[in-house]
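Model the full assembly from the supplied sequences, consistent with the hints where possible.
So for the sequence shown, the working numbering puts the first residue at 10; every next one is plus one.
By construction, these hints were calculated from the structure, which means they are not laboratory data. Bear in mind that the values here come from a model prediction, so they are computed numbers and not experimental data. Among the hints, erroneous ones may be present.
[Claimed, not checked] No farther apart than 27 Å at their CA atoms in a straight line, the calculated lysine-lysine pairs in the DSS-like style are these:
#	residue 1	residue 2
1	Lys45	Lys21
2	Lys110	Lys58
3	Lys99	Lys54
4	Lys45	Lys99
5	Lys111	Lys21
6	Lys21	Lys110
7	Lys96	Lys54
8	Lys111	Lys96
9	Lys54	Lys110
10	Lys21	Lys58
11	Lys58	Lys45
12	Lys99	Lys110
13	Lys110	Lys96
14	Lys96	Lys45
15	Lys99	Lys58
16	Lys21	Lys96
17	Lys99	Lys111
18	Lys111	Lys45
19	Lys58	Lys111
20	Lys54	Lys111
21	Lys21	Lys54
22	Lys110	Lys45
23	Lys96	Lys58
24	Lys99	Lys21
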Amino acid sequence: MITVYHNPRCSKSREALALVEGSPAGGDLQIIEYLKTPPTLADLKALHKLLGVPVREMIRSNETEFSELGLADATLSDDALLAAVAKHPKLLQRPIVVNGKKAVIARPPELASDVL
10 MITVYHNPRC
20 SKSREALALV
30 EGSPAGGDLQ
40 IIEYLKTPPT
50 LADLKALHKL
60 LGVPVREMIR
70 SNETEFSELG
80 LADATLSDDA
90 LLAAVAKHPK
100 LLQRPIVVNG
110 KKAVIARPPE
120 LASDVL
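This is the structure we're talking about:
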């Protein structure tokens with residue numbers, strides 16, 4: 010099962026989804042429009058573990074909420090950052106493609122092939 014955390018309004022997310030759908034593994038696909046169905050804090054922690062990147066790489070720093078919430082503060086813990094994303098899913102970097110125990114932030118979209 011491949012899961013794509015997707016925002017249909019984002020061109021990069023649409024490109025990555027098309028790449029996944031066109032792959033041999035794309036038949037067993039779950040699409041999560043994370044703005045409509047936000048990931049829980051537990052989901053985000055699991056994604057963080059699968060991605061193997063710093064939490065800050067999971068966050069869109071160019072969103073208004075990022076500055077309004079003071080998320081640039083380097084003293085914030087990973088838990089505090091993930092809690093902010095759970096409350097404000099717009100902050101989640103997109104798209105994220107998960108395949109089993111592997112995940113990648115598919116920016117650029119071609120990175121999705123790393124987990125297919």
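A quick look at each hint next to the structure:
1. Lys45 - Lys21: Roughly 18 Å separates the two Cα atoms, so the pair holds.
2. Lys110 - Lys58: Distance of about 9 Å is within 27 Å: holds.
3. Lys99 - Lys54: At roughly 17 Å apart (the allowed maximum being 27 Å), lysine 54 and lysine 99 satisfy the hint.
4. Lys45 - Lys99: Between lysine 45 and lysine 99 the Cα gap is close to 10 Å, so the pair holds against 27 Å.
5. Lys111 - Lys21: holds (20 Å)
6. Lys21 - Lys110: holds (23 Å)
7. Lys96 - Lys54: holds (14 Å)
8. Lys111 - Lys96: holds (25 Å)
9. Lys54 - Lys110: holds (14 Å)
10. Lys21 - Lys58: Cα-Cα ~23 Å, so holds.
11. Lys58 - Lys45: holds (23 Å)
12. Lys99 - Lys110: Holds: lysine 99 and lysine 110 sit about 24 Å apart, inside 27 Å.
13. Lys110 - Lys96: holds (25 Å)
14. Lys96 - Lys45: Status holds; Cα separation ~12 Å.
15. Lys99 - Lys58: holds (20 Å)
16. Lys21 - Lys96: At roughly 23 Å apart (the allowed maximum being 27 Å), lysine 96 and lysine 21 satisfy the hint.
17. Lys99 - Lys111: Holds: lysine 99 and lysine 111 sit about 23 Å apart, inside 27 Å.
18. Lys111 - Lys45: Holds, at roughly 24 Å.
19. Lys58 - Lys111: Holds. Lysine 58 to lysine 111 sits at ~9 Å (cutoff 27 Å).
20. Lys54 - Lys111: With Cα atoms ~14 Å apart, lysine 54 and lysine 111 stay inside 27 Å; holds.
21. Lys21 - Lys54: holds (23 Å)
22. Lys110 - Lys45: Holds. Lysine 110 to lysine 45 sits at ~24 Å (cutoff 27 Å).
23. Lys96 - Lys58: Distance of about 19 Å is within 27 Å: holds.
24. Lys99 - Lys21: holds (15 Å)
When the structure is compared with the earlier hints, no violation turns up for any of them.
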